[in-house]
Amino acid sequence: MFDYETLRVIWWALLGVLLIGFAVMDGFDFGVAALLRVLGKTEDERLVMLETIEPTWEGNQVWFVLGGGAAFAAWPQLYAVSFSGMYLAIFLVLLALILRPVGFNFRGKVHDPRWRSLWDGVLTASGIVVMLISGVAFGNLFLGAPFQFDNDLRMSWHGSFFELLHPFALVAGLVSLTMLLAHGACWAAYKADHVVADRAVRVARWTTLAYVVVYVAAGIWLAYGVAGYAIVGPVVTDGVSNPLYKQVAHGSSWFASYLEHPSFWLAPVLAFAGAIGVQLTVGKKGLGGFLCSSLMVAGTILSAGFALFPFLLPSRLDPRSSLTVWDASSSKGTLGLMLAMTLIFMPLIIIYTSWVYRVVRGRVTLDHVRGSGHTY
Amino acid sequence: MIIDPEVVTLSRLQFALTALYHFLFVPLTLGIVWILAIMEAVYVMTGREVWKRMVQFWGVLFGINFAMGVATGVTMEFQFGMNWAYYAHYVGDVFGTPLAIEGLMAFFLEATLVGLFFMGWNRMSRIAHLLTTWFLALGTNLSALWILIANGWMQNPVGSAFNAQTMRMEVTSFAEVMFNPVAQAKFVHTVSAGYVIGSMFVLSISAWYLLRGRNTDFAKRSMTVAASFGLAAALSVVVLGDESGYAVSENQKMKMAAIEAMWETEPAPASFTLFGLPDVENHTTHYALRIPWVMGLIGTRSIDQPIPGISNLVEDAKGRIHTGLQAYDAMLVLREDKDNAQAKAILAAHDKDMGYALLLKRFMDDPRKATPADIQKAADSTIPNVPVLFWSFRIMVACGFYFILLFSVMFWQASKRQLDKRRWLLKVALWSLPLPWISTELGWIVAEYGRQPWAIEGVLPTALGVSSVTAGQVWTSLGGFVLFYSVLAIIDAVLMVKYAKKGPDGLGLWPPSEPVPPLTNVAAHAGA
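These protein sequence lines are chains A and B, in that order.
Sequential numbering from 914 applies to the first sequence in this note's numbering.
Sequential numbering from 1185 applies to the second sequence in this note's numbering.
Excised from the complex, chain A in its bound form:
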């Protein structure tokens, strides 16, 4: 139906969809968890916050699991190189994700303030760890990673955990952190009791402002301080998936694709528009603020993805080993089959997820959690 080149572009876009789905759907859960003790001053207030995400966070986290599965199936080398190369960082994310389901479930099972504050700490820390490390990992994509392939396409990585903490990557981590904290605060402003929501409005305003500052800083740094990568010579877009068949130069600009495709500028514009929208609408404590922060999240991820295109993960050690959209994908048959599956199941997922959100609609009030003596 589609040729190999088109399928690859579609799967690059779908990778973006999954990342945005993860950041938008799961991101606010992380944000709420991280703000648990900031916005919730009493046990009841924290119960309110937890209940705003309790019925749905588990489904939201599947965006992440599905992202991993889809990367494995559609971009196997991207999955293999990034997960094994950034081993300890990924392990920290994994621990954070392991502790979340049990944290949500176990927290309410024992009536002891120490027990509950322990799990509050766990949930907060796990939210922060995932938000920060996701951003730091994204930042490292721009810096290029220290890996190379041998002729068997076995990857070797020549760097340590601490090398991932380059100042630019840390700024990227801050972009992710401030963005998702703002996103979580917008959710709390929309869903939580007014006592909590009023605090959330203030936090959303400040974190959005902080986000704009670090996002602009990261953009300027990227333009002037981080060299880009470019494929040299003829670009074969429907060739076999073997990264070693191309040549790559390091030293161009990451903004090259923006000059080539001016429409890409819509992505950062979307991010800024979202941030402005949050400032304007979050005070109403309605769905508007949350929708604006969702746009902000989507615009930020798109702007990064567009800058990288066609690179998925460049190598600074051996640039030709870099993974690109044109040479790191699965076979044509697998991409086609997976696309068919996505087209069948993604609409179903959206339908039943929307239904669940409809069932649990409405603001979670303090009276509600006090009245029901809630589990969580």
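For the record, the hints were derived by calculation from the structure and aren't laboratory data.
Hints are not guaranteed to be accurate.
[To be verified] Calculated lysine to any residue pairs in the SDA-like style (CA-CA distance at most 25 Å, straight line):
#  : chain 1 : residue 1 : chain 2 : residue 2
1  : B       : K1528     : A       : Y1158
2  : B       : K1536     : A       : G1246
3  : B       : K1685     : A       : V1023
4  : A       : K1159     : B       : K1522
5  : B       : K1605     : B       : I1629
6  : B       : K1522     : A       : K1197
7  : B       : K1536     : A       : G1146
8  : A       : K1245     : B       : M1362
9  : B       : K1522     : A       : H1024
10 : B       : K1437     : B       : Y1471
11 : B       : K1682     : A       : G1152
12 : B       : K1522     : A       : R1283
13 : A       : K954      : A       : R1283
14 : B       : K1682     : A       : G1146
15 : A       : K1245     : B       : K1685
Given chain A's structure and the hints, the job is docking chain B onto it.
Below, chain B without anything else, positioned relative to chain A:
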């Protein structure tokens, strides 16, 4: 590049530990979710409150377990990339697909609905809640289907071919991967084992209530459901386990021979060794107690086909290493000159054996330089750990037959409405609680340890699949897993025992007080 054997060992250990740990929780979820679905269906059909309370009470225990299953499942999805990067590259085109479809079709469904199962009682109609529970059950079981399709392909890699240009396996027929007979047999065997675990869980805890004279109506009803469902499941797990055995003998002859400690090929139909002490060094089994014909019948469904023994299979492996080396050589030629017709023809003829040449890579960089002694060593390495497989298999099967017996007796007692009449039977039911977990874990040991030295049977040796990480990194993660998993295991066990002991009466669920508390009150009342 020579692979660090310490990294291989540590990565295998970590995978084995995390997978076995994950599978303490998964089968209980798979089974108990259907028991909840049955109970809730009875509630909706009869309108009797006690059945709703049963769903809610067993649901609390289900919830604790479900959280652990989800938490430890994420590890599995990550680990292929973290620790098995070359594996992920080499087979991602085939193996990644069922994992991704699992997410799309199954995991999304169950994870999205599980919140409503707990919190939706007062927010939707009875029918809508029943549908939520049923789709939750469907989601968990579909999830198992896709995972076992992925695992089935590791045992029997159909529908795929090696591509020398991309240095990996690629899908040639996804239908073959999906309808892989090994995967289908494994799926029904594995979910049946889960149903046995779910049934035993409900049966044992209910037996404990009856022994204490607590919650008797509640417990008897629960036991009746568990005994009937458990009997069907136990019968199915044994019958379909036999189907699984047949499928294994078709494509993993070495695993079959190791399970049987069958060192030499016997004249057909082979006998089944009921008991014996396998002696790895001398390739013999001491004190063997053999039942004539049985093995031949199970393994080949015939009386005239022989089942090959270990020594013969090692000889076969040697032959396949030799042809595999021709394929390997042709692959290297093709990498430089992709249109070389002669090399293409050789690779096409022998690519099914190339994995055997890769067995040599554990010992040397260039398998083409292998001496006959190296080849012998590689061929010998295809023998899995015979005593472990021999015993694991026998204990698993013995448990399987015991489950049929126990559930039959309990079913009989339930039919005669005499569940609380024989205390010793209740004690037996209570103390049988750990057995299905033991047999299930042993089943995985047979399946996966028995697959060694292969990650993908005949295609990719396990040792080759590892990432280029350092031993120090794997020590760190392994230590982290041991620490966190141990703490979580203790918390899980404490909470399970706490809530099982409280019981429906202690939680204020049954008999109903006035007013009847909604489910979400459960824990609050528990602590009050």
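Verification of the supplied hints:
1. Of the supplied pair hints, the one linking K1528 (chain B) and Y1158 (chain A) holds, its CA atoms being roughly 20 Å apart against a limit of 25 Å.
2. In summary, the hint linking K1536 (chain B) to G1246 (chain A) is supported, as the alpha carbons are separated by about 21 Å, within the 25 Å threshold.
3. Distance restraint check for K1685 (chain B) and V1023 (chain A): the Cα-Cα separation of roughly 14 Å lies within the 25 Å cut-off, and the hinted pair is therefore satisfied.
4. Distance hint between K1159 (chain A) and K1522 (chain B) is fulfilled; the C-alpha atoms sit about 16 Å from each other, no more than 25 Å.
5. Only pairs whose Cα atoms come within 25 Å are accepted, and K1605 (chain B) paired with I1629 (chain B) is rejected, the gap being roughly 39 Å.
6. Taking the CA atoms of K1522 (chain B) and K1197 (chain A), the gap is about 64 Å. The hint is violated against a cut of 25 Å.
7. As the CA atoms of K1536 (chain B) and G1146 (chain A) are separated by approximately 37 Å, the hinted pair breaks the 25 Å bound.
8. Between K1245 (chain A) and M1362 (chain B) the CA atoms are separated by roughly 18 Å; this keeps the pair inside 25 Å, and the hint holds.
9. For the hint pairing K1522 (chain B) with H1024 (chain A), the CA-to-CA distance comes to about 68 Å; that exceeds 25 Å, so the pair is violated.
10. Straight-line distance between C-alpha atoms of K1437 (chain B) and Y1471 (chain B) comes to about 24 Å, which keeps the hinted pair within the 25 Å bound.
11. At most 25 Å may separate the alpha-carbon atoms for a hinted pair to count; K1682 (chain B) and G1152 (chain A) exceed this at roughly 60 Å.
12. Between K1522 (chain B) and R1283 (chain A) the CA atoms are separated by roughly 71 Å; this puts the pair beyond 25 Å, and the hint is violated.
13. A hinted pair counts as satisfied when its Cα atoms are at most 25 Å apart, and K954 (chain A) with R1283 (chain A) qualifies at roughly 15 Å.
14. Restraint check: the Cα-Cα separation between K1682 (chain B) and G1146 (chain A) comes to about 67 Å, which exceeds 25 Å; the hinted pair is violated.
15. Taken as a hint, the K1245 (chain A) and K1685 (chain B) pair is broken in the structure, with Cα atoms around 56 Å apart against an allowance of 25 Å.
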